[in-house]
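Participant: Start from the sequences and build out the full structure, keeping to the hints where you can.
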Amino acid sequence: MNSRPPLSTASFRERALAGARYAADIIPPDTVLAEIVRSPHTHARVKRIDSRATLAVPGVLAVLTAEDFEGIRLGHLCADEPILSSVARYFGDGIAAVAAKDRQSLMRGIEALRIDYELLPHAITIDDALASPVAIHDFCADNIAEKFQAVRGDWQAINSRVALWVENTFETAAIPHAYLEPRACLVRVDGKRLELVCGSHAPSMMADFYRPIVAGWGSQLEVVTPAIGGSFGAKWEHPSQLVCLLFAQRLQRDVAMVLSRRDDMIAGRTRAAMRIRMRIGATAEGELVAKETTLWCDNGAYSLHGPAVMKAAAIRGDNLYRFSAIKADAQLVYTNNMPSECFRGFGITQSTFALEQLIDELARRLKLDPAKLRLSNTVREGDTAVHGWKIGSCGIADCLDGISNRIDRHRRDNALPRSERYRTGYGLAAFIHCIGNRGYDKRFDRAFVTLRTLPEGGIRISSGEVELGCGTVEVLIKTVARELATNRDQLEVVLGDTATGPHGMGSYASRTSFFVAMAALDACRRFKRAAEQMRVEFGMTKPAEIGELVARARQQQRLGDLEVTGDYQPSGVVVPDETGYGNISAAYTFGAHGCCVQVDTYTGKVTVTQYWAAHDAGTIVNLNETQGQVIGGVIQGLGFALTECASVAESGQLLNPGYLDDRVPTFPDAPPVEVLFTDTYEKKGPAGAKTIGEPPIIPVPACIANAIRDAVGVRVYQLPMTSERLWRAINDDDARSGPKGN
Amino acid sequence: MSTGKYLRVNGTEYQIPGQWLGRRLLDYLRHELRLVSVKEGCGEGDCGACTVFVDAEPMCACLLLCGVVAGRNIITVEGLPQDFRQRFAQLCEKHGGLQCGYCTPGFTMMSAWLSGGGTETGKDPLDKLLAGNICRCSVYQQLKKVVAELT
Amino acid sequence: MGSQVSIIRPSYLPEIELFRPSSIDGVFECIKDGARVLAGGTDLLPWASQHGQPRKMVWIGNVEPLHGFSVDDERLQIGACVTQGELIRCADFRRAAPAVADSVQFVGSVQLRNQATLLGNVCSASPAGDTLPALLVHEAQVEITGAPGQERQVSLDDFLLAPGKTMLAPGELASGVSFCGLRANEMSAYRRHTERRALDLAVASVAARLVFEADGYTVAGARVALGAVGPTALVAIEAAKSLVGHPLTGETKSICAAIAAETCKPISDFRASADYRRQLVKVLVEDVIGEIEQRARIFKPNGEGR
Ligand SMILES: Cc1cc2nc3c(=O)[nH]c(=O)nc-3n(C[C@H](O)[C@H](O)[C@H](O)COP(=O)(O)OP(=O)(O)OC[C@H]3O[C@@H](n4cnc5c(N)ncnc54)[C@H](O)[C@@H]3O)c2cc1C
Ligand code: FES
Ligand code: FES
Chain A
74 MNSRPPLSTA
84 SFRERALAGA
94 RYAADIIPPD
104 TVLAEIVRSP
114 HTHARVKRID
124 SRATLAVPGV
134 LAVLTAEDFE
144 GIRLGHLCAD
154 EPILSSVARY
164 FGDGIAAVAA
174 KDRQSLMRGI
184 EALRIDYELL
194 PHAITIDDAL
204 ASPVAIHDFC
214 ADNIAEKFQA
224 VRGDWQAINS
234 RVALWVENTF
244 ETAAIPHAYL
254 EPRACLVRVD
264 GKRLELVCGS
274 HAPSMMADFY
284 RPIVAGWGSQ
294 LEVVTPAIGG
304 SFGAKWEHPS
314 QLVCLLFAQR
324 LQRDVAMVLS
334 RRDDMIAGRT
344 RAAMRIRMRI
354 GATAEGELVA
364 KETTLWCDNG
374 AYSLHGPAVM
384 KAAAIRGDNL
394 YRFSAIKADA
404 QLVYTNNMPS
414 ECFRGFGITQ
424 STFALEQLID
434 ELARRLKLDP
444 AKLRLSNTVR
454 EGDTAVHGWK
464 IGSCGIADCL
474 DGISNRIDRH
484 RRDNALPRSE
494 RYRTGYGLAA
504 FIHCIGNRGY
514 DKRFDRAFVT
524 LRTLPEGGIR
534 ISSGEVELGC
544 GTVEVLIKTV
554 ARELATNRDQ
564 LEVVLGDTAT
574 GPHGMGSYAS
584 RTSFFVAMAA
594 LDACRRFKRA
604 AEQMRVEFGM
614 TKPAEIGELV
624 ARARQQQRLG
634 DLEVTGDYQP
644 SGVVVPDETG
654 YGNISAAYTF
664 GAHGCCVQVD
674 TYTGKVTVTQ
684 YWAAHDAGTI
694 VNLNETQGQV
704 IGGVIQGLGF
714 ALTECASVAE
724 SGQLLNPGYL
734 DDRVPTFPDA
744 PPVEVLFTDT
754 YEKKGPAGAK
764 TIGEPPIIPV
774 PACIANAIRD
784 AVGVRVYQLP
794 MTSERLWRAI
804 NDDDARSGPK
814 GN
Chain B
3 MSTGKYLRVN
13 GTEYQIPGQW
23 LGRRLLDYLR
33 HELRLVSVKE
43 GCGEGDCGAC
53 TVFVDAEPMC
63 ACLLLCGVVA
73 GRNIITVEGL
83 PQDFRQRFAQ
93 LCEKHGGLQC
103 GYCTPGFTMM
113 SAWLSGGGTE
123 TGKDPLDKLL
133 AGNICRCSVY
143 QQLKKVVAEL
153 T
Chain C
119 MGSQVSIIRP
129 SYLPEIELFR
139 PSSIDGVFEC
149 IKDGARVLAG
159 GTDLLPWASQ
169 HGQPRKMVWI
179 GNVEPLHGFS
189 VDDERLQIGA
199 CVTQGELIRC
209 ADFRRAAPAV
219 ADSVQFVGSV
229 QLRNQATLLG
239 NVCSASPAGD
249 TLPALLVHEA
259 QVEITGAPGQ
269 ERQVSLDDFL
279 LAPGKTMLAP
289 GELASGVSFC
299 GLRANEMSAY
309 RRHTERRALD
319 LAVASVAARL
329 VFEADGYTVA
339 GARVALGAVG
349 PTALVAIEAA
359 KSLVGHPLTG
369 ETKSICAAIA
379 AETCKPISDF
389 RASADYRRQL
399 VKVLVEDVIG
409 EIEQRARIFK
419 PNGEGR
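Here the protein sequences line up with chains A, B and C, keeping their order.
Sequential numbering from 74 applies to the first sequence in the working numbering.
Sequential numbering from 3 applies to the second sequence in the working numbering.
Sequential numbering from 119 applies to the third sequence in the working numbering.
In short, the hints are calculated from the structure, not lab data.
All the given hints hold, so there is nothing to weed out.
Here are some of the chain A residues that sit facing chain C, going by a computed Cβ distance under 7 Å:
(1) GLU108
(2) ARG111
(3) ILE188
(4) ASP336
(5) LEU728
(6) ARG736
Derived DSS-like pairs (lysine-lysine); straight-line CA-CA distance at most 30 Å:
(7) C/LYS174 / B/LYS7
(8) A/LYS615 / A/LYS551
(9) A/LYS551 / B/LYS96
(10) A/LYS515 / A/LYS757
(11) B/LYS125 / B/LYS146
(12) A/LYS551 / B/LYS147
(13) A/LYS174 / A/LYS265
(14) A/LYS400 / A/LYS220
(15) B/LYS147 / B/LYS125
(16) A/LYS445 / A/LYS463
(17) A/LYS400 / A/LYS463
(18) C/LYS174 / A/LYS174
(19) A/LYS174 / B/LYS7
(20) C/LYS150 / B/LYS7
(21) C/LYS383 / C/LYS359
(22) A/LYS515 / A/LYS400
(23) A/LYS551 / B/LYS146
Note that the Cβ used here is the ideal one computed from N, Cα and C, for glycine as well.
Facilitator: Right under this line is the structure:
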């Protein structure tokens with residue numbers, strides 16, 4: 074077995090000292106390198122792969138093709154992504170893989186590879202895919218990967234109550250996650266044991282998925298998680314990992330793959346693009362009554378988490394308001410685009426762009442203050458929301474108050490001159506989000522933390538959850554140091570090591586810090602119980618110093634008795650029914666954002682001059698990190714709102730891989746963000762806390778869109794709201810008339 | 003001006019093997035010298051994660067060939083004074099100056115440059131000087147505070 | 119249906135055979151041998167990573183005479199190896215050629231400007247190259263060196279042929295660029311539109327250089343040039359002409375802008391459509407002239423506008 078000590082997870086300080094090691098930093102110099110060879114065609118059948126010349130290149134060790142992965146598919150929800158494919162279903166789909174002893178031979182080998190294709194007609198828009206006579210997958214003739222419907226309330230009864238409907242169609246763009254660390258993985262081989270070293274936000278789930286595959290090759294698998302240079306929902310199963318695993322297994326040598334930025338963006342995943350037709354109905358007094366959503370979600374070529382993202386987008390945001398009736402009808406459509414994947418906000422980021430603009434428009438039509446309209450319609454503590462969410466602590470009212478105060482004060486203090494060219498406007502948007510999701514995995518939503526007293530001294534805290542920069546390590550150290558009254562330098566943290574640590578679901582759904590802290594509390598309770606038992610057994614008198622006890626236990630070789638695993642599972646949560654009804658999370662988070670924009674009406678250029686973000690994240694335990702998540706989420710949202718987009722040619726080719734043309738926000742793009750927190754106490758949470766993670770990005774595009782509407786009287790219904798699109802809207806008389814009503 | 007086959011990295015002189023003259027400085031630092039603080043985020047000059055000093059000026063190691071910087075003085079984070087690194091880390095802790103940390107080495111180099119009086123015209127806004135370093139976790143606002151307190 | 123292209127080549131710099139001669143003659147030998155000129159490498163290396171070639175490069179940084187850089191009242195002379203960072207740091211340069219100084223400060227980032235040369239930007243001949251419109255209004259001449267001893271000067275306008283194409287014949291080197299500095303009663307400026315605030319390529323850009331009469335108001339001479347709205351950066355002759363003999367007013371500015379927008383030749387691509395680019399030209403021309411007016415206040419009798 075492996076004698077390597079587990080890789081301790083870099084703390085904030087180690088990262089600050091540039092000492093953290095990411096996957097690519099760990100690859101030893103003589104490791105075999107692999108690359109995936111990608112299709113330049115958007116939809117094509119592979120007729121023939123000629124790898125003779127490749128294999129003849131000195132230094133090339135092996136070539137893999139679809140045949141080597143017969144019957145293996147990725148996808149938790151719908152296993153439809155081949156590791157290497159015999160049909161290219163998007164520009165960049167992996168067709169073959171080459172391994173060589175060094176970079177130069179590898180590149181020569183790749184250049185020598187010949188692949189013949191039979192080109193197939195492609196569909197890169199939702200409409201084309203729905204109309205297409207060509208099925209992207211053999212098993213799905215109509216290109217509809219999944220459908221979803223939900224109806225709540227009495228639609229007969231609402232008609233008499235609705236005085237006004239507002240309606241429109243919104244489109245959101247596919248954007249790459251653009252984490253700064255491109256995908257990289259290293260497979261170490263030790264006989265039958267394969268060890269996959271790669272930055273993943275869900276290492277245990279990945280191991281669960283890969284183990285049966287690897288077992289089929291006669292090997293075992295463990296996953297080790299080094300530092301992760303950002304994931305935002307993207308970094309988990311990916312063909313590159315299985316390619317390296319198989320090469321390593323066959324060659325019996327360590328194998329690594331590090332994607333270039335360009336290839337990472339071509340072969341990556343994106344936020345799912347959506348088209349959302351939505352209408353909301355209200356009484357003349359401004360009571361929200363009904364909402365109807367028709368949604369098309371561009372799945373891309375493979376499903377990944379598409380089905381779940383689509384469902385979340387279709388209904389989850391509704392839980393913020395006391396709607397009496399809901400209709401949702403959604404379709405997940407296969408296209409020849411890059412596969413879509415979850416991305417900070419899990420679909421709700423997309424649908425909030427629609428909902429919060431319609432609410433704003435409704436307020437305009439009814440001549441009501443948009444904050445007040447929201448205030449009088451949001452859920453309260455004790456409510457069961459329209460899709461079954463049981464609302465606990467709820468600070469949405471404070472968030473809305475906080476934001477409208479900021480806006481009022483800013484408007485008063487900055488009586489900005491309204492020139493013909495530059496216009497100023499204010500916007501506001503709100504959201505609700507969950508903490509974990511009982512529905513994600515049918516087995517459980519659960520976290521574990523193990524405490525192990527080390528022979529050489531100190532305690533190792535392990536968990537299957539990971540550190541993505543949101544402070545998981547810090548939460549664990551703080552909790553354990555406080556509960557066990559130990560010094561923090563006695564504590565070592567190892568996250569995401571499947572060989573030595575417990576299982577973990579991973580960092581998604583804003584669950585990590587909440588779940589990990591709860592499991593750590595439980596672990597500390599168990600540790601104290603075990604220590605107490607041992608103290609009595611050793612006949613030590615009260616109160617025993619933990620250090621003393623540990624010394625005795627070590628002497629008597631009883632350290633194993635002090636190893637405990639804490640466990641947390643939220644109570645009162647259920648797997649939702651097929652219409653998405655059910656209380657999926659222990660508690661819910663809320664927030665409202667506001668901003669001030671300046672629009673150059675001559676060019677359509679939008680400058681966000683000030684941004685305010687108010688969040689109910691429960692009691693704030695770690696102010697710096699929580700605030701940091703908010704600011705970071707807002708700036709990412711700004712990119713999603715105004716500049717970022719995977720631009721795809723009619724041929725299906727991605728035109729802008731790379732940071733230059735993908736336009737993620739840079740230093741000067743970031744406006745000042747002021748962060749406000751409510752002083753909510755969540756009794757189910759660790760020390761009253763809830764979480765932050767995803768929420769800060771959710772309302773940003775709608776918030777900016779509402780401010781643009783306030784400034785210039787028009788909306789751009791499509792993301793990104795580029796200068797050109799806004800300039801067109803400003804100069805289009807139809808757009809000025811606003812959303813259609815009845 | 004650079005000739006010859008030697009590279010001075012963090013004060014030590016190394017002979018560049020012939021086959022490395024036409025390869026990237028970034029790879030030489032990371033693979034041959036194991037100076038893995040120097041990160042590759044894009045390999046195309048966009049992100050600044052690979053920032054190193056060449057004769058005290060920041061440049062992108064991903065767009066420099068070893069043969070082009072032969073004879074010049076290269077500094078990476080590992081070669082910055084310890085007290086500066088500690089102070090930078092402390093300020094990051096104080097202001098939340100990083101999340102995933104992948105951009106941190108690049109920002110460390112730029113902060114060192116700025117705190118040593120780095121400038122272009124003598125009156126450049128910080129925004130302009132740091133525009134070449136992308137942070138996808140987007141802790142720009144916090145980094146601004148870190149740099150302000152350093153300089 | 120069969121197909122030619124078989125794979126997307128992973129983006130990685132191929133193994134480069136690098137030559138580092140220390141004389142111009144040495145450079146020519148390498149060029150003759152098929153090597154591509156490498157200056158700062160900020161254009162060439164990303165290109166080579168994406169395309170897997172060129173694999174032979176001749177780095178010109180060792181050629182001492184190409185590092186020359188002089189600013190005198192009449193003309194600036196910049197050698198092929200002078201980086202953009204060196205230029206910006208020079209206050210005399212900023213004073214003598216404000217439009218060029220503006221444009222250089224938009225290129226990439228601090229790090230890139232420390233590597234990239236001014237001439238590299240010229241030789242890349244990108245339609246969106248920032249320094250090109252600025253150099254055009256400063257009447258730049260590119261010094262071309264053919265075989266040893268054969269030198270000629272061509273105006274930048276003639277030098278730029280098409281996207282990525284210049285008048286450089288195989289085997290030729292651009293050894294320097296020279297351009298006019300500001301004379302009395304002159305001012306210049308450069309502006310561009312990008313979606314991001316930094317690290318982005320111009321969607322449209324405009325440079326202008328104006329000569330004022332002694333009164334400080336009336337335009338005695340004008341040059342206007344446009345970027346990213348044609349296959350190369352363009353000189354907008356008619357637009358510039360429309361200003362001459364008139365004081366700068368809202369009306370003269372907007373006439374100039376309208377002519378510029380009409381005469382440019384933008385294309386539509388994923389960055390922007392042609393008609394939006396025209397609109398940007400219109401706005402940017404007025405903005406640039408406005409900027410020049412601001413900067414030229416010092417010419418006026420008591421330092422103020424009307
Ligand atoms: C991230 C990034 C951002 C950028 N942003 C901008 C921007 O905002 N605006 C902009 O205009 N550009 C931008 N660029 C492009 C680039 O930085 C400039 O074009 C730069 O000025 C090129 O100079 P260089 O010295 O690096 O040229 P190199 O890359 O060395 O050469 C460029 C080309 O010119 C040829 N060449 C160079 N010098 C000579 C010579 N003396 N004689 C003959 N041929 C020669 C080379 O063979 C090559 O084909 C950006 C580039 C990157 C990577
Ligand atoms: S890796 Fe060099 S700038 Fe991104
Ligand atoms: S901290 Fe993650 S990229 Fe900057």
